[in-house]
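Please build the complex by placing chain P on the supplied structure of chain C, with the hints as guidance.
Taken in order, these protein sequences are the chains called C and P.
Residue numbers are given in this note's numbering: position 127 of the first sequence equals residue 127, and the series is strictly consecutive.
Residue numbers are given in this note's numbering: position 188 of the second sequence equals residue 188, and the series is strictly consecutive.
Please note: incorrect hints may appear among the correct ones.
Unchecked claim - Derived, one-sided and incomplete: chain C residues facing chain P with beta-carbon distance under 8 Å: (1) Ala-67; (2) Asn-155; (3) Gly-181.
What the hints assert, rightly or not - Under the rule of at most 20 Å between Cα atoms (straight-line distance), these lysine to any residue pairs were calculated in the SDA-like manner: (4) C:Lys-169 x P:Ser-58; (5) C:Lys-92 x C:Asn-82; (6) C:Lys-86 x P:Ala-61; (7) P:Lys-173 x P:His-186; (8) C:Lys-146 x P:His-138; (9) C:Lys-169 x P:Tyr-55; (10) P:Lys-103 x P:Ile-190; (11) C:Lys-175 x P:Gln-62; (12) C:Lys-102 x C:Ile-282; (13) C:Lys-84 x P:Gly-250; (14) C:Lys-92 x P:Glu-257; (15) C:Lys-175 x P:Ser-58; (16) C:Lys-115 x P:Lys-134; (17) P:Lys-134 x C:Ala-190; (18) C:Lys-102 x C:Ile-88; (19) C:Lys-237 x C:Pro-281; (20) C:Lys-169 x C:Ser-225; (21) P:Lys-134 x C:Ala-143; (22) C:Lys-146 x P:Ile-230; (23) C:Lys-86 x P:Ser-38; (24) C:Lys-86 x P:Tyr-55; (25) C:Lys-213 x P:Met-126; (26) C:Lys-86 x P:His-138; (27) P:Lys-134 x C:Ser-200; (28) C:Lys-260 x C:Asn-50; (29) P:Lys-286 x P:Ser-162; (30) C:Lys-84 x P:Gln-62.
No lab work stands behind these hints, which were simulated from the structure alone.
Given the structure is predicted, the values throughout are model-derived calculations rather than measurements.
Backbone N, C-alpha and C fix where the C-beta goes; we use that ideal spot for every residue, glycine too.
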Amino acid sequence: MRKILWGMAAIMVIAVPALAAGKKGALQIKGSDTMVNLGQAWAEKYMEKNPADFIAVTGGGSGTGMASLISGTCDIAMSSRNIKQKEIDLAKAQGHDPVEIKVALDGIAVVVHPKNTVEKLTLDQLADIFSGRIASWKQVGGADAKIVILSREVNSGTHVYFKEHVLRKNDPSSKAEFAAGALMLSSSQAIADEVAGNPSSIGYYGMGYISPKQKTVAVAKDGTSEYVEPTIDNVMKGLYPISRPLFFCVESRQDEAVRKFIEFALSPEGQAIVKETDFVPIK
Amino acid sequence: MLRKIKEFIIEKLILLCGLASVIFVALIFIFLLKEGLSVFKFVRPGEFLAGRSWYPISEPAQLGILPLILGSLWVTFGAAVISVPIGVGCAVYIAEIAPGRTKEVLKGGIELLAAIPSVVLGFIGMVTLVPLVKNVFHLSTGLTGLSGSIILAFMAMPTIVSIAEDALYAVPKSYKEGAFALGATHWQTIWRVLLPAASSGIVAAVMLGIGRVIGETMAVMMITGNSAVIPRGLLEPLRTLTATIAAEMGEAVVGSEHYFALFAIGIILFIISFAVNVTADLFLHKNK
Chain C
1 MRKILWGMAA
11 IMVIAVPALA
21 AGKKGALQIK
31 GSDTMVNLGQ
41 AWAEKYMEKN
51 PADFIAVTGG
61 GSGTGMASLI
71 SGTCDIAMSS
81 RNIKQKEIDL
91 AKAQGHDPVE
101 IKVALDGIAV
111 VVHPKNTVEK
121 LTLDQLADIF
131 SGRIASWKQV
141 GGADAKIVIL
151 SREVNSGTHV
161 YFKEHVLRKN
171 DPSSKAEFAA
181 GALMLSSSQA
191 IADEVAGNPS
201 SIGYYGMGYI
211 SPKQKTVAVA
221 KDGTSEYVEP
231 TIDNVMKGLY
241 PISRPLFFCV
251 ESRQDEAVRK
261 FIEFALSPEG
271 QAIVKETDFV
281 PIK
Chain P
1 MLRKIKEFII
11 EKLILLCGLA
21 SVIFVALIFI
31 FLLKEGLSVF
41 KFVRPGEFLA
51 GRSWYPISEP
61 AQLGILPLIL
71 GSLWVTFGAA
81 VISVPIGVGC
91 AVYIAEIAPG
101 RTKEVLKGGI
111 ELLAAIPSVV
121 LGFIGMVTLV
131 PLVKNVFHLS
141 TGLTGLSGSI
151 ILAFMAMPTI
161 VSIAEDALYA
171 VPKSYKEGAF
181 ALGATHWQTI
191 WRVLLPAASS
201 GIVAAVMLGI
211 GRVIGETMAV
221 MMITGNSAVI
231 PRGLLEPLRT
241 LTATIAAEMG
251 EAVVGSEHYF
261 ALFAIGIILF
271 IISFAVNVTA
281 DLFLHKNK
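Chain C on its own, in the form it takes in the complex (with noise of 0.2 Å):
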């Protein structure tokens, strides 16, 4: 009994002062699960240059990123839509200033089974699809079945931006919803195996997703511009209708470790990763 108390004592003593200087030595950076492999690419290549600091990534989704930083968990949200008014408010009462920072672009790509016989559709196709109100395949060109609605959960980042941008086009005063039938999946890699396994099904997901056993859909803004399909050149030419910022949200009063990581994810090498984990670069 006795030893069990001193070795308790012992890892105490030991562990408190570690854990204290792990937090002041570590960069934690938490958010977007979207953004969560491009922040490892990133945290990767530049602990490599430069071995004293240490970047801890973890994802949770944009929300909860948010969330740490007004708690003051992380020092970089990442985050794939803007901050919130509601989050602002919150952080400014709590003494925070946050500020949003373009780090990168991702491309959503619509897709449906490699069976399905639609290529293209409008922005205002999808808006009725995806709401409900086009069910069958037929009304866009397809396959006498019913048209099964995949979504993410309302606690990711893309939800959010297909609603906004897709959905309600950008109109603040839209009420339009997903459609309430629509399946709620958790994860993007859910969305793209129930695409993969089911003829009637169409959901949407980032462009670091796409692989052939989903087929990507062509989209055009409206019925009279041309049909584009989510590839990477389209998406930095500005050509494709359903792109995104992804985002690093950070105090405005930035550490130097904080302002040394943005520099770096924002130079060219920093960009050069963007590409290579199938986002989109800013410049």
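Using the frame of chain C, we list chain P on its own:
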């Protein structure tokens, strides 16, 4: 003297351990109430419980949890329909019919079933059960309440079997001997004497199994499709209370109506499983 002090300290420590669980439950409930009741600053209780649309992150948020409550109830109902007959049948077989070795193997198997983590069951369900349900019933998707019910039935089985089996063992031997002496067959004895005599224990087993099902999260989140519509049957996608909390808590802005609504869902879940457990307890004690 030293021994007395030692005794005293150990006694108090054990008392503390005993009280700990009660204190934790009380603290959890107080915390849930404190956070959850705040949602009624944003919606009326009637709107919250009977509202038909769940769009928590819209402006203004629509916080109607009727589809979620019904989703949970449907899945639980489906799981009970599947697991109760099989579970009770299994318990009868183990307790009354199975010869020594078979009994041991079966009991071991059931315990193993209880040891499988729910995320693994969910994963297996996603890969095998979901396509099967889709093809058998010619549905547009296999992510349905039925898939969830089947997987949950697997999770409820171990609880139901082991408690129902105990209840059957607890029936005095004289009952059985009396039935045999009157010329009853084995099946007549089981059906007319043993099952009625053990009924309160079996009801308790079923209730505890149901309690397990209602609180299950991971597996249902993976295979029920999670669409917040009012389900009209088990062959449709549906969204449960538990899956909603698990899927949305990470994003909810702390202090927003969405955040409070998720805690309020927690209160509803707490009340449901508390009621189920109390019912089970009443039946268990009736037995004694």
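Has the given pair, Lys-169 (chain C) with Ser-58 (chain P), been kept, meaning a C-alpha gap of at most 20 Å? holds (15 Å)
Straight-line Cα separation of Lys-134 (chain P) and Ala-143 (chain C) no greater than 20 Å? holds (18 Å)
How about Ala-67 (chain C): closest beta carbon in chain P under 8 Å, or not? holds (6 Å)
Is the hinted pair Lys-102 (chain C) and Ile-88 (chain C) satisfied, with a Cα-Cα distance of at most 20 Å? holds (17 Å)
Would the pair Lys-134 (chain P) and Ser-200 (chain C) pass a check requiring their Cα atoms to be no farther apart than 20 Å? Cα-Cα ~12 Å, so holds.
Within 20 Å, alpha carbon to alpha carbon, are Lys-146 (chain C) and Ile-230 (chain P)? holds (19 Å)
Given the hinted pair Lys-286 (chain P) and Ser-162 (chain P), is their alpha-carbon gap at most 20 Å? holds (18 Å)
Lys-115 (chain C) paired with Lys-134 (chain P) [C-alpha distance capped at 20 Å]: This hinted pair holds, its Cα atoms lying about 18 Å apart.
Take the C-alpha atoms of Lys-86 (chain C) and Tyr-55 (chain P), compute the straight-line distance between them, and say whether it is at most 20 Å. holds (17 Å)
Given pair status - Gln-62 (chain P), Lys-84 (chain C), alpha carbons within 20 Å: holds (18 Å)
Lys-146 (chain C) paired with His-138 (chain P) [C-alpha distance capped at 20 Å]: Answer holds: Lys-146 (chain C) to His-138 (chain P) is near 12 Å, not above 20 Å.
Given the hint that Lys-169 (chain C) pairs with Tyr-55 (chain P), does the C-alpha gap stay at or below 20 Å? Given that 20 Å is the threshold and the Cα spacing comes to 18 Å, the pair holds.
Consistency with the previously given hints fails for number 26 only.
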